[in-house]
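S.K.: Going line by line, the protein sequences match chains A and B. Each number in this note's numbering corresponds to the 1-based position in the first sequence with 63 added. Each number in this note's numbering corresponds to the 1-based position in the second sequence with 106 added.
Take the hints with a grain of salt, since some may be wrong.
What the hints assert, rightly or not - The calculated lysine to any residue pairs, modelled on SDA-like cross-linking and capped at a C-alpha distance of 25 Å, are: (1) A:Lys550 to B:Asp233; (2) B:Lys236 to A:Arg509; (3) A:Lys271 to A:Asp251; (4) A:Lys183 to B:Asp233; (5) A:Lys183 to B:Gly235; (6) A:Lys748 to B:Leu356; (7) A:Lys326 to A:Ser730; (8) A:Lys150 to A:Val261; (9) B:Lys236 to A:His435; (10) A:Lys619 to B:Gly135; (11) A:Lys445 to B:Pro305; (12) B:Lys182 to A:Val261; (13) B:Lys182 to A:Asp251; (14) B:Lys236 to A:Lys428; (15) A:Lys183 to A:Arg139; (16) A:Lys707 to B:Pro305; (17) B:Lys186 to A:Ala117; (18) B:Lys236 to A:Arg629; (19) B:Lys236 to A:Lys675; (20) A:Lys1020 to B:Asp277; (21) A:Lys748 to B:Val147; (22) B:Lys184 to A:Asp121; (23) A:Lys1045 to B:Lys182; (24) A:Lys589 to A:Gly289; (25) A:Lys550 to B:Pro305; (26) B:Lys186 to A:Arg629; (27) A:Lys1045 to B:Arg140; (28) B:Lys184 to A:Asp625; (29) B:Lys184 to A:Lys619; (30) A:Lys271 to A:His312; (31) B:Lys260 to A:Lys619; (32) A:Lys707 to B:Val147; (33) A:Lys85 to B:Arg140; (34) B:Lys236 to A:Phe178; (35) B:Lys182 to A:Ala119.
Said to hold, decoys possible - Chain B stretches covered by chain A per the calculated footprint, using a threshold of three residues with CB under 8 Å from any CB of chain A: (36) 134-148; (37) 180-190; (38) 247-255; (39) 284-291; (40) 312-325.
These are computed hints drawn from the structure, not numbers from a lab. The beta carbon of each residue, even a glycine, is placed where N, CA and C say it ideally should be.
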Amino acid sequence: MWRVEVALRPDMTDALGSSIRKQINEDLRIDVEKVQTIDVYTITSNLTQRQIEAVARDLLTDPITQDYRINTGFDRPFSVAIEVGYKPGVTDNVGATAVEGIEDLLGIKFSPGEFVHTSKLYLLSGKVSRQEAEEICTGLLANPLIEHFQIWHAGEDIQSTVRKVAGPSYGSSFEPRVAGIDLDVSDDELLEISRKGVLSLNLEEMRKIRAYFKDDRVKAEREKVGLGPRPTDVELEMLAQTWSEHCKHKIFNATIDYTEGGKTEKIESLFKTYIRRATEEIAREKDWLVSVFVDNAGVVGFDDNYNMVFKVETHNHPSALDPYGGAVTGIVGVNRDPMGTGLGADLIFNTDVFCFGPPDFPYKKLPASVLHPKRIFKGVRKGVEDGGNKIGIPTVNGSILFDEAYVYNPLVYCGTGGFMPKEIAGRPSHEKQVQPGDLVVMTGGRIGKDGIHGATFSSVALDEETSSAAVQIGAPIVQRKMQDALKEARDMGLYRAITDNGAGGLSSSVGEMSEFCGGCEVDLEKAPTKYPGLHPWELWVSESQERMTLAVPPEKIDAFLDLCRRRDVEATVIGTYTDSGKVHVKYGEKTVAYLDIDFVHEGLPGLKLTAKWQPKVEGEVDASPVDPTGSLRKILSSYNICSKEWVIRQYDHEVQGGSVVKPLVGSENDGPSDAAVIRPLVDSKRGIAVSNGINPKYGEIDTYAMAASAIDEAVRNIVAVGGDPDRIAILDNFCWGNPILSESNPDGDHKLAQLVRAAKGCYDTAIGLGTPFISGKDSFHNEYRLENETIAIPPTLLISAIGVVPDVGRAVTMDVKSPGDIVYILGETFDELGGSHYCMIGGARGGSVPKVDAVPALKLYRALHGAIQSGLVVSCHDCSEGGIAVAAAESAFAGGLGMRLDIAKVPASQGMADERILFSESNSRFVVTVSPEKKEAFEAELAGNSFAEVGLITGDKSFIVTGKDGTALIDTDIDELKEAWKAPLRW
Amino acid sequence: MSDKPRVLVLLAAGINRDQDTETAFRMVGADAERVHINDIVDGRRRLKDYHILMLPGGFSFGDDIASGKVLANKLKYKLKDELLEFIADKKLVLGVCNGFQVMVKLGILPGFDGNYMRQDVTLTHNDFGKFEDRWVYLKVNPKSRCIFTRGIEKPVYVPVCHGEGKFIPRDHDVLTQLQDNDQVVVQYVDANGEFGAYPVNPNGSVAHIAGICDETGRIFGMMPHPENYIVRTQHPRWTRTELPDEGDGLIIFRNAVEYVEREL
């Protein structure tokens, strides 16, 4: 074993060290003078002294900036030294690359059991106590769930005491084990089997499984393949995975008795009644829906030759435990959805929405088991950078919300858009087919113990004892290699069908593909593993990343495997698709699972739930005009509204060259864009707009209004940049607490009622605006169990929208352009401050939450779109959080110009106080500027809608809002407002 | 094979601006083809069949160990002879971002005295220690022999998207030699063409250096992305500024293609 340390020469800037010192000082408030970072490579391989010298010199060290030491350290003084490295079995991407680099350099091949492990050694100077050193480790440098750390103090010798690096344990006498589980037991014991195995199956489901295995036909058939009457662990795991909330959406498909205002109605499946029905009704009017709800992502038409593909996922639990790994896995995971849709799409954009606790949440209020919101934020951001940037997909749009409600359960939504020709290799690209006799092929990464039980794990609340088995680190480059190779294979027509290995691993992917032909026979012993020691059930349900499952016709298999080999992508035939009606899983010659495919997919008993709506009524807040300028400044510097430039710049939004409306726009490239516009084909002017809508604050008052507002926000964002309101499709992502009433969850029926109301809001608004749902996701159990209480997140619905921009040359940005331009407010302002930011800065909630009136809204959107298409609009900004005041201020400072507004002219409800007009968050409104010579044409285009000329752009920097009585309500300048907006997250 | 200048856009694990550069070359009339490095090592494709070698941006091998290092070693240990022959044939090599990192780590830049396998400069972590996507202005050295930047007079506006773009020469002598030879081709400046600190110089590069060429001017590498400003709508302020339809970056690709048409 060799240990190579690589350090920057003393005269070089240690950028990483400086950034860590800053975080220790600012986030942990521990005074450290200097941090030096040293890369450590532990090479467990029989290299000679000459070989290791070559490796250290020609691979691991930059000759211009760095030095190295072999089996000895740099004799640099420190007060505290800390070394952090991954635990055995956790993905070590740099270690894997180092192996490849060494093999290239020396012309050798590592044998099994040889590996490179990487770690980081931090040398800290300054006065740091033992306790502070621990705090720096656990609070910043290491995540004990997945990483080891070791601490030395001044004078101690690192080299002689450093922890010996071990690989994943290679038990010399591994015996793959298949257990039979006795279900002929009491109800309590059945539930105990489910709980202990993290199966997340309820009693009725366990009983149903028991009954299946008692069936005489089933028993006889199983006997023929050598199985006894008890289900094997492989079978039970497969049923638990397939029947999990994550995969079957049991709550969304449940039969619900819903009570509201003394009336009770029976709802057969929220999904079918509200979500899918909305789409079905809209589909009668629109001809561009291609594939909805049936595949890994939704597919809609782009033009005559191409389709767009879109999916948004959540990755909440893993991100709470390991923000970095959770986020990387979230991104590369959702990438595989469009990749695994139809014949597989090219990936053209990412969009990410996060809900975190406030970054200034007091450390003292946090339980030891919960990571600080700032750390989660930074970890997730880094994860998105590595997941998105490294795979080469532009991150074009997103949103970050902060609320104390997300301290225990952060939400991480990751979305990916795809693009594919309507026809590939002579076949419609959105269809999947598998024929009996096709081969089951697994490509990409290998299987490890990481990520076991992700599907069932997402169905339980986090608590202080949560294990690390469900945490894993993504390997973006492994996936990118696979993505490139599979695209080549796709275009050569080398496979018939493809799907991703996400939650549930092979059990899910092979299980789903088998439905297309009626069965499969798989040999798990053939599946490549990261290390020995995986039992058959683990191989079957492990969620190890970067894997796709394909159906390859036998006559194409040689060409397919040869292509993968030439692209350094592992591909393995692990079985055959059949029409036997069975999922037949073997390990070598021995059958380890034999299940009727119908039972696996259709056997799940439905849930029956009750929901009761108990609205929380709160009084209106008093909005007497105290200091409107101060209020505006305060709202602009609230964490939700303030500039996210620090985050946005660390994402690549230029790669692939399609950027038309960037996330940052305006005279200084730093204004907040409403939606992204990209142009997927350089020789066509047609574009794609992407946006999102989310506002959990409204949901605290009424989830119906929250859902309606989220859809309206997503839609108007797309219209604001030039998208066609009649070509918008949406995705729903519900994140909720546990909505199943029980003794331990006494308000479960209320949470379910909130879900019902949200679903009703979705239906009504989608129908009203003509925006079909094309895919979605739900995540319940976003709860954290402390000793004495359970903390649930507020109901949170993210709506993501994708639309068509007919001509990107007509796209509009939100920054004002020229002095003399006229300012218009489009849409009516109502007295709706419930859940508003104006209330929030005053510590109130408010009562009257913004509603959506879809008929005038859609009419306005069509008129505005007409005006944009005719080139009549120079700037357009969506009016949302913070109301007119914030939208107007943002437009003005993004354009670097002054603005004058007259509140008396704003179309608003009778008798509203000035300040309420300014800060009300009514939906379906825009702040638009138009050049004077286009005034008439613009007004003609908008005729019949609620809109008014309310002000003027000025050449100075003043931002002045006049009240109804003619006095200045707000009198400030845009530089001051911009600074208030930029300062909070300038990290 | 067509009569058009032929460009080999090199693909390897983690390269991701391959299509962007392919598009740019096609727009100026080249026949660009994305070719996986393994297909060249295997002999299925030959480097000598092309006129221009394009090393695109991305994160080859995840930028693990150091950006560009592992791919540089692959070229060095598996394709050295083909590469040297390509250079000796007076053909062109362009590297952008990760491609530039590969070139300096391999040594084909700056390639002093025709030694294309010795590393004299490096590209390392930005001073602020983070990846950044931002637009920058570049001043072009009019005295440079660089083929790719011929005829560019005004500052060029293009995006940088990198975490390891800080240019560092081995020592003062190397820097002097680069400057004396006019191998410094592009430098970060502000909109008025003046040097400045961050964010004008986005990564802390020594002498504001954004790109260099070899002594012949036929091998050129730069951190910013000319391929991401080839049409008007890619400009961050196209909705508020009068701009030509063609982006600032395209001329770099056109110069390469015209050289091939003229000289090869």
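S.K.: With the threshold set at 25 Å, check whether the alpha-carbon distance from Lys236 of chain B to Arg629 of chain A stays at or below it.
M.R.: violated, 34 Å
S.K.: For the pair we were handed, Lys550 of chain A and Pro305 of chain B, check the Cα-Cα distance against 25 Å.
M.R.: Between Lys550 of chain A and Pro305 of chain B the Cα gap is close to 38 Å, so the pair fails against 25 Å, i.e. violated.
S.K.: Is Lys182 of chain B within 25 Å of Ala119 of chain A, Cα to Cα?
M.R.: holds, 16 Å
S.K.: For the pair we were handed, Lys236 of chain B and Phe178 of chain A, check the Cα-Cα distance against 25 Å.
M.R.: Distance of about 29 Å is beyond 25 Å: violated.
S.K.: Within a Cα-Cα threshold of 25 Å, do Lys186 of chain B and Ala117 of chain A meet the stated pairing?
M.R.: holds, 18 Å
S.K.: Verify the proposed pairing of Lys184 of chain B with Lys619 of chain A, using a straight-line Cα cut of 25 Å.
M.R.: The given pair, whose Cα atoms are some 30 Å apart, is violated under the 25 Å limit.
S.K.: Take a quick look at whether Lys271 of chain A and His312 of chain A sit within 25 Å of each other, Cα to Cα.
M.R.: holds, 18 Å
S.K.: Are the Cα positions of Lys182 of chain B and Val261 of chain A separated by 25 Å at most?
M.R.: Roughly 51 Å separates the two Cα atoms, so the pair is violated.
S.K.: Compare the distance between the alpha carbons of Lys589 of chain A and Gly289 of chain A with 25 Å, and conclude whether the hinted pair is satisfied.
M.R.: holds, 20 Å
S.K.: Next pair to validate is Lys150 of chain A with Val261 of chain A; report whether the Cα-Cα distance is within 25 Å.
M.R.: With a Cα-Cα distance of about 23 Å, the restraint between Lys150 of chain A and Val261 of chain A holds, given a limit of 25 Å.
S.K.: Verify the proposed pairing of Lys707 of chain A with Pro305 of chain B, using a straight-line Cα cut of 25 Å.
M.R.: Holds. Lys707 of chain A to Pro305 of chain B sits at ~17 Å (cutoff 25 Å).
S.K.: Mind checking the alpha carbons of Lys183 of chain A and Gly235 of chain B for me, to see if they're no more than 25 Å apart?
M.R.: holds, 16 Å
Violated hints, listed in ascending order, are 1, 2, 7, 10, 12, 13, 14, 18, 19, 20, 21, 23, 25, 27, 29, 31, 32, 33, 34, 38, 39 and 40; each of the other numbered hints is respected by the structure.
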